[in-house]
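Grab the two chains, each in its own frame, and use the hints to assemble them into the complex.
Those protein sequences? They're chains X and F, same order as listed.
Mind the numbering: the first sequence is residues 1 to 259 in this note's numbering, read in order.
Mind the numbering: the second sequence is residues 1 to 82 in this note's numbering, read in order.
Derived from the structure by calculation, the hints contain no laboratory data.
You may find that some hints are simply not true.
Over the 12 angstroms line for every Cβ pair with chain F, so calculated as not near, a few chain X residues [to be verified]:
hint, residue
1, Phe24
2, Ser218
3, Leu234
When the alpha-carbon atoms are kept at most 20 angstroms apart in a straight line, the in silico SDA-like pairs for lysine to any residue are as follows [as the list claims (entries may be wrong)]:
hint, chain 1, residue 1, chain 2, residue 2
4, F, Lys82, X, Val11
5, X, Lys15, F, Ile60
6, X, Lys85, X, Gly144
7, X, Lys176, F, Lys82
8, X, Lys15, F, Cys76
9, F, Lys82, F, Ala72
Distance windows between CB atoms, simulated [to be verified]:
hint, chain 1, residue 1, chain 2, residue 2, range
10, F, Ala50, X, Trp162, 40 to 46 angstroms
11, F, Thr61, X, Ile168, 49 to 55 angstroms
12, X, Pro76, F, Ala7, 22 to 28 angstroms
13, X, Phe224, F, Ala37, 20 to 26 angstroms
14, F, Gly30, X, Phe224, 15 to 21 angstroms
In this text, a Cβ means the ideal position worked out from N, Cα and C, and glycines have one as well.
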Amino acid sequence: MTALLAATNVVHHLKDFEIAGPWFTGHHVLLILVAVVTIVAFRYAAVSIATQPKRTGVVALMEVGLVWVRDEIVYPWLGDKDGPKWVGFFWTQFFFILFCNLFGLFPAPLNLWQRTATGNINVTGGLAVVSLFAILFAGMKKHGRGGYWLHLVPHGVPWWLWPLVFLIEIIGLIAKPFALTVRLFANMTAGHAILGVLVGFLWGVVHYSNPVLGSVSSVASLGFMLFIMLFEVLVGLIQAYIFTVLTAIFVSLAVAEEH
Amino acid sequence: MLCSLLAEMSLQWAFFGAAIGAGIATLGAGIGIGRIASAANESVARQPEAAGDIRGTTIITAAFIEGVCLFAVVVCMLITFK
Numbered sequence: 001m002t003a004l005l006a007a008t009n010v011v012h013h014l015k016d017f018e019i020a021g022p023w024f025t026g027h028h029v030l031l032i033l034v035a036v037v038t039i040v041a042f043r044y045a046a047v048s049i050a051t052q053p054k055r056t057g058v059v060a061l062m063e064v065g066l067v068w069v070r071d072e073i074v075y076p077w078l079g080d081k082d083g084p085k086w087v088g089f090f091w092t093q094f095f096f097i098l099f100c101n102l103f104g105l106f107p108a109p110l111n112l113w114q115r116t117a118t119g120n121i122n123v124t125g126g127l128a129v130v131s132l133f134a135i136l137f138a139g140m141k142k143h144g145r146g147g148y149w150l151h152l153v154p155h156g157v158p159w160w161l162w163p164l165v166f167l168i169e170i171i172g173l174i175a176k177p178f179a180l181t182v183r184l185f186a187n188m189t190a191g192h193a194i195l196g197v198l199v200g201f202l203w204g205v206v207h208y209s210n211p212v213l214g215s216v217s218s219v220a221s222l223g224f225m226l227f228i229m230l231f232e233v234l235v236g237l238i239q240a241y242i243f244t245v246l247t248a249i250f251v252s253l254a255v256a257e258e259h
Numbered sequence: 001m002l003c004s005l006l007a008e009m010s011l012q013w014a015f016f017g018a019a020i021g022a023g024i025a026t027l028g029a030g031i032g033i034g035r036i037a038s039a040a041n042e043s044v045a046r047q048p049e050a051a052g053d054i055r056g057t058t059i060i061t062a063a064f065i066e067g068v069c070l071f072a073v074v075v076c077m078l079i080t081f082k
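So that you can see chain F by itself, here it is in the shape it has in the complex (with noise of 0.2 angstroms):
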């Protein structure tokens, strides 16, 4: 029955999980730098001088969202290591 392979399994569904947040985390962070990237390479477009100020711009923010990724990414090895 479903409800005996679900409980039987606990160990197993809890690295499947932890695996399966650890890619999701990975996909909002890619969504969020794509669109750093995005804005960033117009705005240079409009307005090539300001490039130095918008790299700098671009690089801090994209380390934050990373942050954020590596957030669930330790919750993740903390499920698989305990």
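Pulled out of the complex, with its shape left as it was, chain X reads as follows (with noise of 0.2 angstroms):
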């Protein structure tokens, strides 16, 4: 009986699923859906906020959003100059990965694939590979093509040490969007998987044959269900800052003058 508790199968509520095809699955679909939602969403608060003086509502919700990430996350970390050029990027970047996370956590009719986006690594990867290529293109920008390789070891480092610490700085620009990808796909996933093994607990509960274990067992499971939903809210936006925050203190080191 005590066996059943942690037997359903978690795993396959945490995978992708095809729908048309390898290339057409839940995430695919969940991606999209996403992508449309915050296109229109912010499309529709950029034109309030340019054409109305006051504004009130979710816009004026979605403005404190907005400038939130640009006066926490693009404004110290990359000037006043630098600024303004990065933060349409940034608020992409922010606004994408949290609405990718909290969907994942909207019940059936919102989210009928029930699925994370976020919560799947190449997409997380994906995201990652976007911040490299941010990363890479502001310092190559800023240094020159070949200026930005060169640049990489800083100042005082003695020639007979220059290919070790290229090498390692390589390596590091590697590693970096790499911790990207996992911390974000793995916050998403642990927290779905708990509340997964938290749910099968529920579903167990039907083969209890005890009443008073079965009541108290599935008013427990009920309580850990929400105290970590409200706690999965809170590491997605947790994540979805520091996602965003990583990638700007990277952006801001790329394009650091050394002399």
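See the structure below:
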């Protein structure tokens, strides 16, 4: 009886599933949905902010979010000169990741496929590749195409250490997007895995012959599920912020003046 | 003999190792985040007007350490499901 407690297959609810061949899966649909929602919502917000002197309601909320990203993520790290050029990119990245994370928590009518887009390591890998391209683009634009690679190694390194430090810098350049990928993927998947196991407790309650044990465990399971659901909302917010702020830090490092 | 026990049960030993690994990773994360929280509380006690900045730094660094713990959990998941 207690063996049924953790017997439900949680991985089945975390993995992707095909809808029309291997190139159109549940995560694809969710990505397209989130992209459409983001574009529509922020086009509406942009038009509202540009035309109305006083904003109220949902647009004011979005404006709070946009101003917060600009003042806490972009301008502190990228300065006031480069800041306005990069704000659009960081807005897109932050709100896309945030909406992907939050959509994975909605129940069936809004999220028919019951998956989290960023719970797929390929999706987060793609986002990290975008960050890598942003870092390389920023660095090459500032220092010149070859100059960026020459300036990877900091000043003051003696000439006989140069190849080793260059290799270490290249490894760091690959490891940073890899860390971004795994951090976002693992946070999203782990939360949903815990949630799945707790739902499995409820599902296994049907097999209990002892009503007291069944009711106590189902109430406890419900309490935990509520807590973890709220915690997952917080983790989704924090992970979107961490992804964006780390990309901002790396871009600012690439653009930094050495001399 | 111990050698045949180790060799015949190798798949179960892999699961055992994965479970122990995930537990040890959580240990490390717990210790790290506990130290962050203690340092943060001490600094807020010294300078209550910096509480907002300290709260932000605490949350960010806690998420970093959580990320490292989850690297190990991902490795353990790879072991279990392959």
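Check: Failing hints, ascending?
Finding: 3, 5, 7, 11 and 12
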